[in-house]
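**Student:** Given next are the chains, with one letter for each unit.
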Amino acid sequence: MQPHEVFLQQLITGLSNGMIIALIALGYTMVYGIIELINFAHGDVFMLGAFLALTLLGVLGMEAWSPTWRIGGVAIMLVGSALFCGGLNWTLDRVAYRSLRRASKLSLLVSAIGCSFICTNLGLFWGGVPMEVFAGGVAAAAPKDFPQLIPQTNLLGASAIRITPADIAVVVVTVPLMIGLVFLVNRTRMGRAMRAVAQDATAAALMGIPVDRVIGITFFIGGALGGFASVVYALYNNTIGFQMGYRAGMDAFTAAVVGGIGSLPGAVLGGLTIGLVRAMSDQYLETQWTNTIVFGMLVMILIFRPSGLLGTTRREKV
Amino acid sequence: MKNTLPTITFILIASLGLFASFAATAAQQSESSKGTLHLVSSLPRTGSANAQTSTMVNGIKLAIEEVNGQIDGWTITYQDLDDASPQRGNWDPTVEAQNANAAAKDRSCVGYIGTFNSGAAKVAMPILNRAGLVMVSPANTYPGLTKPGTGEANEPMVYRPTGKINYFRVVPADDLQGTQAANWAKSLGAKKVFILNDRELYGKGIADVFQKRAKEIGMEVVGFEGTDAKASNYRPLVTKIKAVGPDLVYFGGTTQSNAGQIAKDLRAGGYEGLYMVPDGCFEQAFIEAAGDSNLNDKTYITFGGLPAEKLTGRGATFREAYHKRYGSDPEAYAAYGYEAARVLLDAIARAKTKDRAGVLAAVAETVDFDGVLGKWSFDANGDTSSKVMSGQTVKNGKFEFVKVLGD
Amino acid sequence: MSVLSAQGMTMRFGGLVAVQDVSLTVQEGEIFAVIGPNGAGKTTLFNAITGIYEPTSGVVQFSGREVRLGWTALTIARIALAFVLIGCTAVVAINVESLWTRVINANYVYLQPFPWGKAAGDFFRALAELPFSAGIATGCIGGCVGAATTLILWWRSRRTPDVIARSGVARTFQNIRLFNELSLVQNVLVGMDYRMKAGFWSALLRLPLFFSERERFHAEAEKLLEFVGLADRADSAAGSLPYGYRRRLEIARALAGKPKLILLDEPAAGMNPSEVVDLMALIRRVRDAGTTVVLIEHHMRLVMGVSDRILVLQYGKQIAEGTPAEIRANSACVEAYLGTESHG
Amino acid sequence: MRGRFGAITIILTCAAVVPIVDLALPESLRISEAVRGVFLYAILALGLNVVSGYAGLLNLGIAAFMAIGAYAFAILTCEIYPFQVGFWPGILLTLPIGALAGFVLGAPTLRLRGDYLAIVTLGFGEIVQDLLKNLDTVTKGTQGINPLPSPSFGGEAWTASDEYKWYYLLLAVLVIVVLFVRNLERSRLGRAWFSIRQDELASRSMGIRVERVKMLAFSTGAAIAALAGGLSASVLSSTGEPSNYDFQVSILALCIVIVGGIGGIAGVLVGALVMVGLNSIVLVKAAAALAALGIGGQGNVLLSPNNWKYLIFGLALVLAVRLKPDGLLPPRIERSMR
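Chains as they are written, first to last, in this note's numbering: chain A, 1 to 318; chain B, 1 to 407; chain C, 1 to 344; chain D, 1 to 338.
Derived by calculation from the structure, the hints in this document are not laboratory data.
Hints may contain errors.
Within a straight-line C-alpha distance of at most 25 Å, the following computed DMTMM-like cross-link-like pairs (lysine to aspartate or glutamate) qualify [to be verified]:
#  : chain 1 : residue 1 : chain 2 : residue 2
1  : C       : K118      : B       : D346
2  : B       : K212      : D       : D136
3  : B       : K212      : D       : D130
4  : B       : K215      : C       : E213
5  : B       : K398      : A       : E63
6  : B       : K34       : B       : D355
7  : B       : K164      : D       : E79
8  : C       : K258      : D       : D199
9  : B       : K395      : A       : E132
10 : D       : K165      : B       : D106
11 : B       : K61       : B       : D72
12 : A       : K105      : D       : D199
13 : B       : K212      : A       : E286
14 : B       : K164      : D       : E163
15 : B       : K164      : B       : D297
16 : B       : K192      : A       : E286
17 : B       : K403      : B       : E152
18 : B       : K105      : D       : D22
19 : C       : K197      : C       : E213
20 : C       : K118      : D       : E79
21 : B       : K230      : D       : D136
22 : B       : K215      : D       : D199
23 : B       : K147      : B       : D379
24 : C       : K197      : C       : E222
25 : B       : K395      : B       : D297
None of the values given here were measured: they were computed from a predicted structure.
This is chain A alone, in the form it adopts within the complex:
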């Protein structure tokens, strides 16, 4: 490979990875925007979404389907995981967070951490389901192979640069979702209600907005994004495991912060930035220093822009 080909390839890889991170980050940033909670369970909800997708795949026997049918299968998984993760996230809010609205933010955080542990454990149990896709459930904790429904062959033929259908799938799923989300938040009644609750929940309640419902719906949408992301992630990486939520969640949260937490375009920009920085650092420095580089970048960005790249400085009402 020529140096410029290597660079281009890293660009493609970085963007694909960045898109997935961005999709998870959107879920974080939405929930954070509305109740200022770092939803630690988000990464684990995402993980459970991937397990559901694999279960659907196994139950419906999608591996045997023809390539065109497989696209339908992917759609089923996307919808299924999104509904499931959305519902799960909504349930977490209903059961574990709603009663703590008035308590300190830290209590809420601990509740989220608790939920994260519970979800992780559920993932472990799920991995033990005696199904063929889970390797018969013999080693519940082991990482699970996610079959390549979208092939990883090179669309550019024999070229040294590879663009695979999986890369394309990431873009095809992610970009419309992002656009749809921006539309939802900026153009619809529901979106207006969300923004109102985010700014001032008490005032919104006085204006007749059903605050708890709006928050619940935000959790649902955030979770659903995580669900979509989980399928995209699984199709791209082809491995899932019950502990994958932590790193994915951490990357995504860093992305949300880099972009400016609470800002939807910021989350996308942050995700792409992190994906690219990771790829470039892997290539031109050493892999073992990549995390350090990402962290250094985070600190530098926050020194120069304390509210993230696209975040707005919130003026305190005095």
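Mind docking chains B, C and D on chain A? Use the hints.
**Tutor:** Okay, now just chains B, C and D, sitting in the frame of chain A:
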């Protein structure tokens, strides 16, 4: 203040009470004519290593069941201790020290099977050494635990405060496996190798040995990188690997540190060369995690000992018994666990006095042991004399024995 | 002499101009009031004066001096120090493995005494032999990053509320901001904090200074609470105070730093008539004790009753300034403000 | 004013008699060794309490400072390095080293708004592990550094088996830390911490130099965490590996502080007892007891008690904050401050 005191008192009493009830049940022991000899294992049972340790414990239990829990009229009891804690999800030095101390204090305990992680062994070894309790590890491969001059300047004396050897292992150390792996890589025709390691004690150690040997025998090492076991994929790294064009990628690591994902990404990224991994990946879970199509024909796995289906005699019996008992073929770790337990049981049977000192002496005298890993003895350092290493490949989603590695 | 002088104050938030070209001068010993309808920009003006906002343009001077950390030799020394320290740290950090090998591993033989002198020599030799990229270049880049960071952090803290408060300007807030979980005395003591000398070590080790100071300031705080009429509740939590008392506690907290100038933001809001009368007396007492008072207020009886001079704002612009009598006679003001107020 | 000190005294006195009671019990019922872990976590959580409880700065990377303390202690004292300063100087040096690390992280980032700081500390927690792994010439990578010295008062050096000596040493350190933290809490500085936690802008407007006060909290917390790290390494005579100081440790410390009652020393002590007790006493013994009874089969993931530990721990957290949102022993600051 008024409602503080009851709260504290309640919490104190409740936690003590809970604890006491559990401890009381744990203390139940069965009676027998001559008495009880207790074995414990200390392995990480919570979290990511659970898959391997489960098969190990299966192996240990099988070994004890085979003697019906009785030797010379002594009852053999066994306890499966967890050296991981839920908040860590991995081995926890505090818990390992607790396990070791508990075993050391329990006078009926005559054997300690463990640890899984070499790091945990470093914590447990001095404690057990002072207690004179024999420790047999089914999995530690860090050379410095037993072999002078391979680790830090103070190793291994530092693990033997009494000067006596009480630590034995049934698996060959990294120095042997890494060297053999490099030799094999060369005989497979590799000229340029790219070496990865998971930056863990086991993976880094074996990758270092591989690198040293590879250079000695004239292969070109085009890259040496530490990976992040928690990463979601390694695509950027694969591009980097492809750019320098090696014929073989060696990964020092385990299934848990993402060997499967690396295999996948190598193929997805268009790398077409060979891929070699050590025995940390010699388990079906590796093939399942990687997807067989990514491994078939181009993946090589080294293993200290012979694989189950090549075993004859003792090993063949083990394979059948295991299959009958658990419904699946034993994996590498099951064999190690079984072997460790059997060494101890064998020593108990031979021991002149059925106590710690007797068992320790008997273990140290293990010679020409007819085990599932071959016929071997413990050398003066407590290492297995077995130098048999086997090479495997993957065909049609199954491991397939290729050859016995040797110099 | 003017205690406070703000000239040409403009405060813009995005497209919105909250305060436009407002100037005011407050003389020592005065009670100065700023009035205007809701949204006229009074609180914004206060915030700009006390450093919570950085005014878009305009100059604020207290006692003829602009309160803003300036370029002193110390600042420059700090930035230079950051450059050197972080630069050196960067060089050592980047090369830590090679330096360690060369200095420690090469010289230390297990359990033999360590040749410190030779190791130190090796350290400097190894540093000197570093290649340009790992040595000087890394040092310069690291140093520049460090210096830039220090500069930015310093720049942002040049005119923060604490800098202004420490120069003797105290304030209260429109939406009372007491420390609800602290007791009344503690609230006042927070206001005294910057006058205290006992630091970390005297607190940690309970040095004599800690005790003497604690005694002194506690006594003073209790006296202040007495001054505002809250002495009997000194040890209850501020959050448990009735509304009317909270304003007083805020005033006591503001006075605790012995300020030359105190800014009161709507001190009479939510008070009943008799409380307002008490408040007027309190404000006068504050002034008589030697503190200049600037207040924002809607309550006309209070404003007209205590103020020496009044500034009227409307839509962010100043429309009049003068004594209460002059303002009362100014038809524009009556129309803009007093007129509507009389209905409400 | 007296009240909370009463609570603290009761807890610490109870802790002091545990080994004596222990001696009267049969071997399998003794818990003093496990309680030692409670002490270490209590010290760590007291450090975190200064940062997150008093000053209200959410720190998700306190374990990183623990790691720094452990490795600093190890490098300064282990016989494979030339320094070998001995146990006491080594332990005392962890304090300034931890504080310095806190300063280095805090100086550029303490101005960040709450949750931005949280993610920076979370990242720092990961980075320190990476650094310790990557710089293996210095830190021995994942090998861990051993053996580490233990204190000796004239006689022979202690070993891990001298459990009662260790028990009282750790208890003594805990008492000293409690005293020092209490001294800080009830001082000008503690007042400033509480004030910025409640209303940063108001305290700033009262002339509190928020950055400096936050920095003191951050460094103090880091120093105490480093002390906990040094002590835990010394007890084990090994640093373990870098990932022994990962996010999970930080989270446990945070849960201790919040479940116990954020901002109060008594709360932290109770929190440590409950959380670590649940984790390393109740769950461990329960799993062992079930295994001894023959429960815990093969094949099915649900049957092994070990597989339930995360779930139980998580449920405990959710229930704890649900039932007691302000913690088990919420401090009443207006009384405790004096």
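**Student:** Evaluate each hint against the coordinates.
**Tutor:** Taking the hints in turn, this is what the structure says about them:
Using a Cα cut-off of 25 Å, the hinted pair K118(C) and D346(B) is violated, with the two alpha carbons roughly 56 Å apart. Between K212(B) and D136(D) the CA atoms are separated by roughly 17 Å; this keeps the pair inside 25 Å, and the hint holds. About 24 Å separates the Cα atoms of K212(B) and D130(D), which keeps this hinted pair within 25 Å; it holds. The hinted pair formed by K215(B) and E213(C) fails the criterion: a straight-line CA distance of about 71 Å is larger than 25 Å.
Simply put, K398(B) and E63(A) have alpha-carbon atoms about 20 Å apart, close enough for the 25 Å limit, and the pair holds. Taking the CA atoms of K34(B) and D355(B), the gap is about 12 Å. The hint holds against a cut of 25 Å. For the suggested pair K164(B) and E79(D), the alpha carbons sit about 21 Å apart, so the restraint of at most 25 Å is met. At roughly 21 Å between alpha-carbon atoms, K258(C) and D199(D) fall within 25 Å of each other, so this suggested pair holds.
With a CA separation close to 19 Å, the supplied pair K395(B) and E132(A) stays within the 25 Å bound. Of the supplied pair hints, the one linking K165(D) and D106(B) holds, its CA atoms being roughly 20 Å apart against a limit of 25 Å. Among the hinted pairs, K61(B) with D72(B) is consistent with the structure: their alpha-carbon atoms are about 19 Å apart, no more than 25 Å. The suggested pairing of K105(A) with D199(D) holds, with an alpha-carbon distance near 15 Å, which does not exceed 25 Å.
The straight-line distance between the Cα atoms of K212(B) and E286(A) is roughly 20 Å, inside the 25 Å bound, and the hint therefore holds. About 23 Å separates the Cα atoms of K164(B) and E163(D), which keeps this hinted pair within 25 Å; it holds. At roughly 47 Å between alpha-carbon atoms, K164(B) and D297(B) are farther apart than 25 Å, so this suggested pair is violated. Taking the CA atoms of K192(B) and E286(A), the gap is near 19 Å; set against the 25 Å cutoff, the hint holds.
The hinted pair formed by K403(B) and E152(B) fails the criterion: a straight-line CA distance of about 34 Å is larger than 25 Å. Among the hinted pairs, K105(B) with D22(D) is consistent with the structure: their alpha-carbon atoms are about 14 Å apart, no more than 25 Å. Restraint check: the Cα-Cα separation between K197(C) and E213(C) comes to about 8 Å, which is no more than 25 Å; the hinted pair holds. Taking the CA atoms of K118(C) and E79(D), the gap is about 20 Å. The hint holds against a cut of 25 Å.
This hinted pair checks out: K230(B) and D136(D) have alpha carbons roughly 20 Å apart, not beyond 25 Å. Between the alpha carbons of K215(B) and D199(D) the distance comes to roughly 63 Å, so the proposed pair goes past 25 Å and is violated. Restraint check for K147(B) and D379(B): the C-alpha separation of about 11 Å stays at or below 25 Å, so the hint holds. For the proposed pair K197(C) and E222(C), the alpha carbon gap of about 19 Å is at most 25 Å, so the pair holds.
Restraint check for K395(B) and D297(B): the C-alpha separation of about 6 Å stays at or below 25 Å, so the hint holds.
In this structure, the earlier hints numbered 1, 4, 15, 17 and 22 are contradicted, and the remaining ones agree with it.
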